[in-house]
Amino acid sequence: MKKTAFSHVRTPKTLLKKSLVALVLFFLGALAAYFLPLLVPASGASAWVHHPLLPIFVMTLIFVVAHKAIERLIKKLLEKYFFHKKTYAQMTLMDLAGDLAVNLDLQEIANLVVNTFGEVLHLKTVALLVPDPLQNNFEVASAYGWRISASKKIRLAVDTPLLKMIHQTGPHILMRGPVLQSLSWQEANALACDLDALQAGWVIPLFVKGELEGILAFGALVPDTVFDQSDFHFFREFAAVIGPCLHNALVVKRLRQLNFELQDSQSQWVQKTKLNAIEKLAAGIAHEIHNPLAIISGKAQVLLMQKGPKQLEPNVQEALNTIVKQTRRAADITRKLLLYSQGSRGPQEWVSLEKVLDETLALLAYQASLDKIEITRNLDPELPRYHANIQEIREIFLNLLLNAVEAVGSEGKIVVEMKYLREEGLLEITCSDTGKGIPADHLDKVFNPFYTTRHEAVGLGLFVTQQITHRYGGSIRVESQVGIGSLFTLQLPCSPETARSGEAEKRVVEGVSGRGGQ
Amino acid sequence: MIKKLLIVDDEAEICEFLKSFFEDRDFKVATAHNGIAALEQVERFQPDVVLLDIQMPGMDGLQTLKKMKDTHPKLKVIMVTAVETQEKIEEAMRLGADNYITKPLSLEYLEKDVQDKIDSLAKIS
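The listed protein sequences correspond, in order, to chains A and B. So that you can map any letter, position 416 of the first sequence is 416 in our numbering, and since no number is skipped, the others follow by simple counting. So that you can map any letter, position 46 of the second sequence is 564 in our numbering, and since no number is skipped, the others follow by simple counting.
Since the hints were derived computationally from the structure, they do not count as laboratory data. Here a beta-carbon is modelled for each residue, glycine too, at the ideal position from N, C-alpha and C. Each hint should be verified, as a subset may be incorrect.
Said to hold, decoys possible - Anything over 10 angstroms on all C-beta distances counts as not near chain B; from chain A, calculated:
#1 Leu-28
#2 Leu-39
#3 Glu-119
#4 Tyr-144
#5 Phe-232
#6 Ile-296
#7 Met-305
What the hints assert, rightly or not - Distance ranges between label pairs, derived from CB positions:
#8 A/Glu-288 to B/Ile-554: 30 to 38 angstroms
#9 B/Met-577 to A/Glu-424: 47 to 55 angstroms
#10 A/Pro-381 to B/Tyr-627: 28 to 36 angstroms
#11 B/Lys-641 to A/Glu-424: 42 to 50 angstroms
#12 B/Tyr-627 to A/Gln-326: 39 to 47 angstroms
#13 B/Lys-641 to A/Gln-326: 44 to 52 angstroms
#14 B/Ile-554 to A/Glu-374: 53 to 61 angstroms
#15 B/Asp-588 to A/Arg-377: 39 to 47 angstroms
#16 B/Asp-588 to A/Gln-311: 42 to 50 angstroms
#17 B/Lys-641 to A/Asp-380: 19 to 27 angstroms
#18 B/Met-577 to A/Gln-311: 39 to 47 angstroms
Make a model of the complete structure from these sequences and hints.
Next up, the structure:
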């Protein structure tokens, strides 16, 4: 009698019959063992038949032989009255197919299919493969009975024997045995390799409008399990229902991917266009505005630095100083915008950070009143030189320090530290102040362009500092407590290519870094 | 020794205040508003130091710089720029400019720099 996959797990009429036959045989045997001695004369060579232990022996023997069948019978009888029916399995799967039709998430669909299929049919393994258009192959979307790591490794290129076979045979279910037998041994070997990789006894191709959208491969728990025609008919129906679901989910997935790529390239383009526009605008403004600013500031400076007996009134002197300071501030806007939009295109050189810091401090003293502010430098004695654009490094120090000076106000402390973290390959610059601090809800905004708490500031300083830091592959963060102060920590990657401790370049560096300035 | 300075800028006002500032400091100052006039002044006035604006209509500062350095390699030229485009600054340095300074100008720094250039010329001669 043929045993089917559904029958050995569901309630099979065939098995029920088989078990009943076994039970009947058992009783017949027992009867025979009991009545045999009565039919045979109790004399001569047949005297052993009348031995009193014989019926017990025969019955024990029959019981041992038939116990499996009896056990199965009891089990099947129980199963029969507890919902295990072949139609139940089919209904479960068709219900699943209905659920899938409203689902558009590929992963969810794949998980539902393999898990339900595997559990309802009591299969050993199930794998659902879907096409990956980028790699031009099929990959496992979800697997049942597999180790995840093993299933992830499976990839079927579009020209593997199995896929060629599927394209030849179309939407028919491939059965390992018959298919292999129908091929030459070389072809069979190659195909068996693919099937082994999938641990598959059967393969259901999922075609939608002539396109192969998925492959459902499964292997049974019991090696000799076979399916009958009605099973295959059901599989085909099942495949016809889940195929389109899979197709839709794949389309949605591709659309999402394309949409994401589109957004990504769009935002990149917008960013680039924005930067180009800012650069053009800033360059134009700088030219048009810096000249009048130079005249305003220049004339004020001429008056301030006048030689001779004339001494300016203190209020006039103060007004002139303000004019000079404010024109510089106005010019700073365009200069910073330009620096930001141009990117890291300036000349790079071996920069002595200590020297740049000192220059910046000198410049700062010229710009702000530092009389009651205590500024401490805390430098690593083995600070390497850093390969960078000196303007940009100057900009970093200037903005950090200006920010600290502004936070501190008229009186307080600022500590600048520079450390070379050799093992991490990082250069760490920290700037802490005893200023007014930044409220927690403003901390994430301090690096935004045009964010400022000062009515006379532009709000580009920390933004530009962050941009420069990012350009060098570094990071900048801020910690702050209102009323206590703020700490800015800036880390720049410092590999042997970007850092040098030797004195060899000193001559070159000093030759260059003396140039420039305001 | 007479310190001679040539100021080249298409903005007359800039030339004017720089002129009064440096004359106040015992410089002899000449001005020019474009590249061609600047080259003529170099021949006629024989300055020690030139303050040269990069952005000018017609012959721009970089072209003027090149011609000046071709004929007078010892002439000290300080570039003045409204826009710090790194390419232009690099180009100017490559052409032999001795320094660059950005607008708005810090006269304190400019005075020091011009004096440095004069001192270095004095050392050579």
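Against the structure, the hints come out as follows:
For A/Leu-28, the condition that its CB be more than 10 angstroms from all CB atoms of chain B holds, with the nearest at approximately 106 angstroms. Distance check on A/Leu-39: its Cβ is at least 119 angstroms (rounded) from any Cβ of chain B, clearing the 10 angstroms threshold; non-interface status holds. Its beta-carbon lying about 67 angstroms from the closest one in chain B, A/Glu-119 satisfies the requirement of being farther than 10 angstroms from that chain. No Cβ of chain B comes within 10 angstroms of the Cβ of A/Tyr-144; the nearest lies about 61 angstroms off, and the non-interface call holds.
Here A/Phe-232 stays apart from chain B, with its beta-carbon at least about 74 angstroms from theirs, past the 10 angstroms limit. At the 10 angstroms boundary, the C-beta of A/Ile-296 falls inside the reach of chain B, the nearest C-beta of that chain being 8 angstroms off. In this structure A/Met-305 is not separated from chain B by more than 10 angstroms, as the shortest Cβ-Cβ distance comes to only about 6 angstroms. Remark: the range hint 30 to 38 angstroms for A/Glu-288 to B/Ile-554 is contradicted by a beta-carbon distance near 24 angstroms.
In this structure, B/Met-577 and A/Glu-424 meet the distance hint of 47 to 55 angstroms, their C-beta atoms being roughly 53 angstroms apart. A hinted range of 28 to 36 angstroms holds for the C-beta pair A/Pro-381 and B/Tyr-627, which are about 31 angstroms apart. In this structure the supplied range 42 to 50 angstroms holds for B/Lys-641 paired with A/Glu-424, their Cβ-Cβ distance being about 47 angstroms. The hint said 39 to 47 angstroms for the Cβ distance between B/Tyr-627 and A/Gln-326, and at roughly 18 angstroms that hint is violated.
At roughly 39 angstroms, the beta carbons of B/Lys-641 and A/Gln-326 sit outside the given window of 44 to 52 angstroms. For the pair B/Ile-554 and A/Glu-374, the supplied restraint of 53 to 61 angstroms holds, since their beta-carbon distance comes to about 55 angstroms. For B/Asp-588 and A/Arg-377, the Cβ-Cβ distance of about 46 angstroms falls inside the hinted range of 39 to 47 angstroms, so the restraint holds. Between B/Asp-588 and A/Gln-311 the Cβ separation comes to about 47 angstroms, which falls inside the hinted range of 42 to 50 angstroms.
Between B/Lys-641 and A/Asp-380 the C-beta distance comes to about 37 angstroms, which lies outside the given range of 19 to 27 angstroms. As the Cβ distance of B/Met-577 to A/Gln-311 is approximately 44 angstroms, the hint placing it in 39 to 47 angstroms holds.
Consistency with the previously given hints fails for numbers 6, 7, 8, 12, 13 and 17, ordered from lowest to highest.
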